[in-house]
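Chemist: Fit chain B to the supplied structure of chain A, relying on the hints for placement.
2 protein chains.
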Amino acid sequence: MEKLVVIGGGAAGMSASSRARRLKPQMEIEVFEATKMVSHAPCGIPYFIEGLFDDENLFMTYTPQFFIENRKINVRINTRVTEIDLSSRVVYAEGKDGKMKSEYDYLVISTGSKPKRLPSEGNDRVFYIHHPAEAVSLRQKLWSLNTIAIIGGGILGVEAAEALTQRDKKVLLIHRGEYLLNKSLDQELGKVITDRISRDVELRLGEKVIEIKQGGRLIITDKGKYEVDGTIVAIGVEPNVDLVKDKIQLGTTGAIKVDEYMRTNYREVYSAGDNTESVNIVTGKPYWVPFAPVANKMGYVAGSNIGGEPMKFPGVVNTQITKYKEYYIGRVGLQEEEAKKYGFHPVSATITGKTRARYYPGAKDIHVKVIADEETKRILGAQIVGEEEVLGRIDMMAAAIMKGFTIEDTFFIEMGYLPAISRVWDPVIVAIRKIMED
Amino acid sequence: MEKLVVIGGGAAGMSASSRARRLKPQMEIEVFEATKMVSHAPCGIPYFIEGLFDDENLFMTYTPQFFIENRKINVRINTRVTEIDLSSRVVYAEGKDGKMKSEYDYLVISTGSKPKRLPSEGNDRVFYIHHPAEAVSLRQKLWSLNTIAIIGGGILGVEAAEALTQRDKKVLLIHRGEYLLNKSLDQELGKVITDRISRDVELRLGEKVIEIKQGGRLIITDKGKYEVDGTIVAIGVEPNVDLVKDKIQLGTTGAIKVDEYMRTNYREVYSAGDNTESVNIVTGKPYWVPFAPVANKMGYVAGSNIGGEPMKFPGVVNTQITKYKEYYIGRVGLQEEEAKKYGFHPVSATITGKTRARYYPGAKDIHVKVIADEETKRILGAQIVGEEEVLGRIDMMAAAIMKGFTIEDTFFIEMGYLPAISRVWDPVIVAIRKIMED
Chain A
1 MEKLVVIGGG
11 AAGMSASSRA
21 RRLKPQMEIE
31 VFEATKMVSH
41 APCGIPYFIE
51 GLFDDENLFM
61 TYTPQFFIEN
71 RKINVRINTR
81 VTEIDLSSRV
91 VYAEGKDGKM
101 KSEYDYLVIS
111 TGSKPKRLPS
121 EGNDRVFYIH
131 HPAEAVSLRQ
141 KLWSLNTIAI
151 IGGGILGVEA
161 AEALTQRDKK
171 VLLIHRGEYL
181 LNKSLDQELG
191 KVITDRISRD
201 VELRLGEKVI
211 EIKQGGRLII
221 TDKGKYEVDG
231 TIVAIGVEPN
241 VDLVKDKIQL
251 GTTGAIKVDE
261 YMRTNYREVY
271 SAGDNTESVN
281 IVTGKPYWVP
291 FAPVANKMGY
301 VAGSNIGGEP
311 MKFPGVVNTQ
321 ITKYKEYYIG
331 RVGLQEEEAK
341 KYGFHPVSAT
351 ITGKTRARYY
361 PGAKDIHVKV
371 IADEETKRIL
381 GAQIVGEEEV
391 LGRIDMMAAA
401 IMKGFTIEDT
411 FFIEMGYLPA
421 ISRVWDPVIV
431 AIRKIMED
Chain B
1 MEKLVVIGGG
11 AAGMSASSRA
21 RRLKPQMEIE
31 VFEATKMVSH
41 APCGIPYFIE
51 GLFDDENLFM
61 TYTPQFFIEN
71 RKINVRINTR
81 VTEIDLSSRV
91 VYAEGKDGKM
101 KSEYDYLVIS
111 TGSKPKRLPS
121 EGNDRVFYIH
131 HPAEAVSLRQ
141 KLWSLNTIAI
151 IGGGILGVEA
161 AEALTQRDKK
171 VLLIHRGEYL
181 LNKSLDQELG
191 KVITDRISRD
201 VELRLGEKVI
211 EIKQGGRLII
221 TDKGKYEVDG
231 TIVAIGVEPN
241 VDLVKDKIQL
251 GTTGAIKVDE
261 YMRTNYREVY
271 SAGDNTESVN
281 IVTGKPYWVP
291 FAPVANKMGY
301 VAGSNIGGEP
311 MKFPGVVNTQ
321 ITKYKEYYIG
331 RVGLQEEEAK
341 KYGFHPVSAT
351 ITGKTRARYY
361 PGAKDIHVKV
371 IADEETKRIL
381 GAQIVGEEEV
391 LGRIDMMAAA
401 IMKGFTIEDT
411 FFIEMGYLPA
421 ISRVWDPVIV
431 AIRKIMED
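Chains as they are written, first to last, in this note's numbering: chain A, 1 to 438; chain B, 1 to 438.
One chain only, chain A, in its complex shape (with noise of 0.2 Å):
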């Protein structure tokens, strides 16, 4: 009987798992998972520290137990796979009933990402916001502290700094950048939202953290020194490769390197999610992508492949969605400054309008950048923060960028029109507009 080992059981991993389930029903599947959780939803725990639950079961979309009665998959949670043996097709993991071995057919290697790490003496109050098995002890301790320093202005670091003053702490936050969330935005849409958090939160920009000291309780940076009662590290996440980075193929990100199907440089092994390489779609170059949707994707590719309904993965475009409190915060495909680094000579226009008619009450500010390429005329990017319908119009972008659409293509997509939520000229078309004009 065919066999489908998968080391990892996060979004990728139960995705393939899952696919490869429906398509093979014969076949013997067994998942290595090292916490306790599987199908677990990392981009909760902001969340959660937040205190909007308080269920930590509820990180996970179904239990270990659904999956071995429901899908007949071989679920051994708490047991880490310690070694693979690529040639005898063997996977060695050591688990609470001790070492195992298992043989495959097939492979998934679904390891996810891991936080980078700042140097630190003593770290009994320096955390990292990163596996939902860890997110109770987690809690108890933030909740218990007064000040506490976020050293990261990305993604992780604005929603920790939500969750934080919801709970009324004070929070300093540290970021290398001159503004918050550079990496996501340009500095038009990056200024409104770093304005917007600096009413709550204490900033130092363009700032670089040098040391870690007493455990957490220090910081030592370029410009001076801060007490804190306890410090979280956001400053990104890598590749999960510790595993397999001499033995398999990896690619310039620093990921596992795969082809369209899913498969590493061997045949039968494959590779879903965090730990996964993938490709620029509006670059044609190599890409990494951290983010759930794309991990679910590339595992259900993986596992149709493995079931052998032959699927190719597209590539990503990058859409990002977050929020702080009143705002939402999207962007999708290049910033400005990377599609000119690509070689692309990018226009842009940045505007401000309305996210409803005039007459319908309750209006609020909407800031829209689109950005396209001055010779072939297609939309590289797209950036909105604002108050109401950020996501559908981010996700519409990321259609349109996906399939190449030049910037007449977009203007004349047919928005829908509602007074209550948007506009006649919607604000997305309005830039548009503008970068035809121009």
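Please note: incorrect hints may appear among the correct ones.
The list makes no distinction among identical chains, and a pair is therefore deemed to hold if it is satisfied within one copy or across any two copies.
List time: in silico SDA-like cross-link candidates among lysine to any residue, alpha-carbon distance up to 25 Å [claimed, not checked]:
| no. | residue 1 | residue 2 |
| --- | --- | --- |
| 1 | K364 | D54 |
| 2 | K225 | S144 |
| 3 | K325 | G362 |
| 4 | K312 | E375 |
| 5 | K325 | E56 |
| 6 | K354 | L52 |
| 7 | K257 | L86 |
| 8 | K312 | D438 |
| 9 | K312 | A349 |
| 10 | K364 | L58 |
| 11 | K312 | F411 |
Source of the hints: derived by calculation from the structure; they are not laboratory data.
Modeler: Chain B only, in chain A's frame:
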């Protein structure tokens, strides 16, 4: 000096004039508008009736004075065009300053739509929700009544029902179809919204009005008779082509036939807005869509071409979005039966999902139907009813349908994921996946 004459100062007319002005600063531009309003927004009338705003000037994006002073567009309000002489290129009009004639080099016909009427014996209590210029007197009358019948359960009928029930009126809604919005939604989602509205409104479905009597106080249907205080007729609109129907070529939809440049069968005569036929991008066949964003873009295209910058209008996909209280209702493309009629072999999936991550408080149901063609695998249509983020998902599907995305193309759209407002497997993607797997 070149002269452009525009008949009708609504969305299309003012969009065409403004675009032509920008491209040809020296051109003489004259707009004839039969009412006192220009660049007005009929879509706002239900919200005015609901009492969400009181200033009728808010119906106008810009005032006539603004166009005259800032854009040097000679707007003549309260002036009705009575005759066009296409061979001599002369327009005859009549207003408060008496009769006048105006020669043109370019003509734009943007006379909009008019409500379909029902036979009635007397009409002092029969109301049509159509032109913002009549909104103040219409609202005054409606607010003075207690029990009001609405004939027609399309978008306008539903919006009127929302407005009147919010004003605590007793509403009787009589509709020929078996469920509400049956020209917009298939039965699955139509039922959801019909059930919701039936909680507030007395519904008579599958019932045909024979006659309105006693000036709107008595309605005779094929199944009964109803005494009410007044009657709103909302059975649809038709192209307002009275002025030109014997002179300019109409299309099979009854609207003015144009080429991609918005030109009629007279080279120098353009048509734009609700009086104008379009092409359905999915079927390639003539189609008619009387909605403001389409009218605005048609006007923009006509104005660009008149201004010497050639531009083509790509056609329509019939995007619609409306709301009823907590529900947003969107749709785009073809309905399933319509798809069959046009020779497609539709396959579809209908799902009910949630609007937020399972751990995020406040999630609501969202209902999604997606329709695709079994042979070409192209997406043909999408319908969504839900309480959050409906608009943007419809916009995304509009982009997909306009450019012929396949089922798999759409599955791979990298939609944004934020636990507060979406799911890691977006409900749209879940519906698509269901079609793929069935």
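Chemist: Next, verify each hint and record whether it holds.
Modeler: Structure-based check of all given hints:
no.: 1; hint: K364 with D54; result: between (32 Å within a copy, 20 Å between copies)
no.: 2; hint: K225 with S144; result: within (23 Å within a copy, 70 Å between copies)
no.: 3; hint: K325 with G362; result: both (17 Å within a copy, 15 Å between copies)
no.: 4; hint: K312 with E375; result: between (29 Å within a copy, 20 Å between copies)
no.: 5; hint: K325 with E56; result: within (23 Å within a copy, 34 Å between copies)
no.: 6; hint: K354 with L52; result: between (30 Å within a copy, 17 Å between copies)
no.: 7; hint: K257 with L86; result: within (16 Å within a copy, 67 Å between copies)
no.: 8; hint: K312 with D438; result: between (39 Å within a copy, 19 Å between copies)
no.: 9; hint: K312 with A349; result: between (34 Å within a copy, 23 Å between copies)
no.: 10; hint: K364 with L58; result: between (33 Å within a copy, 17 Å between copies)
no.: 11; hint: K312 with F411; result: between (30 Å within a copy, 12 Å between copies)
Of the numbered hints stated above, none is contradicted by the structure.
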